[in-house]
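Each chain, written out:
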Amino acid sequence: MSLLLLIPLLPLIGFAINGLAYPKLSKSIAGIVGTIPPLVAFVISLQLFLNFDGQTQIIQLADWIKVADLSIPFAFQIDALSIMMLLVITGVGTLIHLYSMGYMAHDAGFGKFFSFLNLFIFFMLILVLGANFTVLFIGWEGVGLCSYLLIGFWNQKNSYGDAARKAFIMNRIGDLGFLVGIFLLIQEFGTTDYQTIFSTIKDGTEVGNIGLIAFCLFIGAMGKSAQIPLFTWLPDAMAGPTPVSALIHAATMVTAGIYMVIRANALFELSPEVLHFVGWIGLATALLGAAIGLFQNDIKKVLAYSTVSQLGYMFMGLGASAYTASFFHVMTHAFFKALLFLGAGSVIHAMSDEQDIRKMGGLKSKMPITYLTFLLGTIAISGIPPFAGFFSKDEILAALYHHDFAMWCLAILGSALTSFYMFRVFILTFWGDFRGTEKQAHHLHESPWSMTIPLIILAVFSVGGGLINLPHFAGGNEFLAHWLAPILPEPHEVGEVSFFSLEMGAPLVAAFLPAIFAIYYFGIQKAVPGNDESVQGIQKVIYRKFYIDEIYDFVFVRPIQVLSTFFAQVIDFLVIDLIVEGVGKTVKTASDEIRKAQTGNVGYYIFMMVLSIALILVLTLRSRIL
Amino acid sequence: MTAIIALSLFGISNLFLGFWFPRKTIQLVTLLFLVVSMALTVSDWNHELLWFGNMFRTTNTSINFSLIIQLAAFFVVAFSKAFGQDDEHTHPAEYYAIMLFSVVGAILMVSFDHMIVLFVGLEILSVAMYVLTGSDKRNLRSNEAAIKYFLMGSFTTGFLLFGITLVYGATRSFYISNIGTILTTTAPESMPSFLFIGVLLIIVGLLFKVSAAPFHFWTPDVYEGAPTIFTMFMSTIVKTASFAALFQLVSGIFGSLYTVWVLPVYFISMLTLVVGNISAVYQQSVKRMLAFSSISHAGYLILTVSSKQISTTSSILYYSLSYTLATVVAFAVLILVSEYQSARVEKPENFSSFEGLAKNNPGLALCFSISMLSLAGIPLTAGFWGKFFIFSDTFSRNIIYPVILAILMSAVGIYYYFKGIIAVYLKAGEIEKIEVPTLFKMALWACTLGTIILGIYPSLVKSVF
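Residue numbers (our numbering), protein chains in the order written: chain R, 1 to 626; chain P, 1 to 465.
So that you can see chain R by itself, here it is in the shape it has in the complex (with noise of 0.2 Å):
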């Protein structure tokens, strides 16, 4: 219990220390200070997974809000999903707070880097381990700024800022959504509870609107997680230190929605049409994002909308009723999406804060551990087996096999696309001859420990990752389906599969022939793609991400900046100054009057007193006397 609450404690005074004492703490103080309260958290973490002894536990801290009937205190809950989510954040973020040591070491701001991560980290608990929709609600606003803050951690430069900017607004555009659904929850319920609302479900209760509340948590799960229509903001994002989008934009933060949606799995059960909705959301943006990503040529750019993809595939999992794929998804995308981030980033570290995939290749030699460690995750990403990244993105097509024959068609359709842009960027980057100038090429090293040790730890992961809840016909036991099954619903009986079906022998062949193709043309054709310019037709449509940006710019932001100047320039100055400064004058005006009748003369005074003395005693009387 006192150990338990030093988990979110922890990052909370690094973050006091480092942002108190920073610019004074010398480098090497500020990156162990800011290190050690996740690892710690870490300790805790397995202590208490390796204890839980499967039952929900409730602490709470205090009373937080009591209004009339509404009470809503501050509590935790620990049950086997939060412990499974704590583990991923303290684990993969204590590698990446290790890594920050070694990539940000030349950075003036480290100090303070360092404390708006142990930040993130704090709210990132404070999100899972809330036993109800408010706490959450809490660590959800407090990710977005730190998001925001991170994102923008480079701030002289303008379109950083920007980006900072779009991340928090498309944001908050989702916690809206998800701000109604809490409200409508409490309307509905009564209460924000996880255990309250959900037993009242499976009591049978009759509750209304439960789509409607399930429709606007699942906004505020398309805005954090990334969907279609909100995603534009996450490839922006990656102006933010790579540490920053492995930890918060690929393992973490992005994966709040599908954490939420699993969390009130009983909500959304019961809105079928909101699952099918989120279904397909699901499906068109691992499809979108797959298909931009295939003619990115920065480095982060493709890994960003490779997460995306990604996030898609969870979703999808979601719509259909597979949570346990979908969270084990969560948990080896975390691996391999966080390796890969980390990779590009030494990467780019080596090349002197080169993005660009068309001015790298060669480094295979140069680079062996970010080469060899970024393989082993391009291979788990593209779902080659038995890396980590096949089975739980095969545990999410099998549900979908067996829900919507459509859906999984085009999920396989993705799942191919994903394999080549992957290994596009892979070969781009690590093979052929070097196209970067002079000064790059002397540069290059590879990176020192404090970046390569999370690097490789993340590999063993990406690698053997896919034990955590191995299938019964690799063998396995499906650890993870048995952890999770006390929170989720009953699983549908899926049968047992065979290795040489339809079902299986699509995605290997999707995960084997684009990847194949790929060597071909880049490895052994050595193409490289031409500048800017020389894209055309389909192919700039998508390099330009389907304009996306700039539909958004003319339907949303150009409306509301030319309706904002208008209020600006006349309504605030026609309408509003006009009421305002008018009621100030009159009350001036009335006051100037009243005061003449503070004449001084007492006689003038006696008069009015007993003229309403007389007033008063007549029309309260009238009635009564005459």
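Worth flagging that the hints you see were computed from the coordinates, not collected in a lab. Check each hint, because a few of them may be wrong.
Taking CB as the label site, the calculated pair distances span [stated by the list, open to error]:
1. ALA62/R to ASN178/P: 51 to 61 Å
2. PRO437/P to ILE576/R: 42 to 52 Å
3. HIS276/R to TYR415/P: 43 to 53 Å
4. THR185/P to ILE138/R: 53 to 63 Å
5. GLU581/R to PHE52/P: 56 to 66 Å
6. ALA62/R to LEU49/P: 19 to 29 Å
7. PRO272/R to TYR415/P: 57 to 67 Å
8. ALA568/R to TYR415/P: 17 to 27 Å
All figures in this text were calculated on a predicted structure; none of them were measured in a lab. Where is the CB? At the ideal position from N, CA and C, for every residue including glycine.
Starting from the known structure of chain R, arrange chain P on it as the hints suggest.
What follows is chain P alone, placed relative to chain R:
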């Protein structure tokens, strides 16, 4: 009860002490007297008893009001700076004695169980105030104010007395409890009409004392003319005592005659709010602004008289306390600033005298600003909760429009209170460091701290009331 005997004796002994002791000592002794009398007042806590031939009743409510009054007196004495060094024209021993006597009157007004006690208490208080108002003998304004106050005060005393007589005529009793029994058991139709006139006249008499419009005309002139220290006394003690008396009559024995007085009271409350707040806007003098502010606060309090909720008593007590704390600070700073400026500018009590106060006197500026914020009802000060409790009580009684007007008027209030803060902080001016006596400083910070503590944790006293 023993408190009033003790205070009377203390007052008399004060007169003698004046022969032998310097002013500073007398001030300290008076403070000690007030502490003793407060302790004696507290000793009656939870003993509901009748005294002096059943004419005087101590209840927890009356004890609370008495304590607020004595606390206000304590601060006024602490702020009095022993009336300077002018031996020829100021007589501190007498002033302190008169203050103690008037506190006796005020306590009688909150604890009466007999109409004559009410009248006697009111007169003790009023006559003392006429004298103190005119105590600056060589100042024409002070003399004029005293005469004005005396003329109009005695005029309304006549109304009050006439009202008491009429009520006596109808009920054949001066005892509050007897009158109450008769009024509740008799059907209104069978009562003589002059009873209602009597009730209204008594209410009017007390409304004059709390300076409700249209009986407020004396307030700005008298407040401005009186020495500031006695204005402080008037605006806190006289107001609290008269309001307690009014509240106890109206919500107590006259409660059954609700329909008779409720409309005039609403009307008067709204008129008071409008006149007080709107007039304050144009004032250039801080002292006069505070006079109108005290009128407008009377408006808020009258509004709540009729709400008759269980919590109303505690709301009124809370409001009186928060108003007292903020008002004494405002006047205290005014005393310091006007004293400093009197040799430098023509009108030392104007807002312009406060300009640039924050530069060399940050403490004074802060205390003054907090008291202004509290009077304006800004959250995290006691004044906010005072207004909040009153509005919510009134609102839960379904009295909508007067509350809306009151809220609008408190918005107007922000304008003139903030004028003070703006002058202190944002305007440029040359004020050197003002020397503040230790006792004065301590009292200043005590009140300011009280305002903040009550603002953050209102249930600290609300639970006692």
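Each hint, compared with the structure:
1. A beta carbon spacing of about 53 Å between ALA62/R and ASN178/P agrees with the range 51 to 61 Å that was offered as a hint.
2. The beta-carbon spacing between PRO437/P and ILE576/R, approximately 49 Å, falls within the hinted interval of 42 to 52 Å.
3. The beta-carbon spacing between HIS276/R and TYR415/P, approximately 58 Å, falls outside the hinted interval of 43 to 53 Å.
4. Evaluation of the 53 to 63 Å hint for THR185/P and ILE138/R yields a pass: the beta carbon distance comes to about 60 Å.
5. At roughly 60 Å, the beta carbons of GLU581/R and PHE52/P sit within the given window of 56 to 66 Å.
6. About 44 Å separates the C-beta atoms of ALA62/R and LEU49/P, a value inconsistent with the hinted range of 19 to 29 Å.
7. Range check, PRO272/R to TYR415/P: about 59 Å between beta-carbon atoms, so the 57 to 67 Å window is met.
8. For ALA568/R and TYR415/P, the hinted distance range of 17 to 27 Å is satisfied, since their beta carbons lie about 26 Å from each other.
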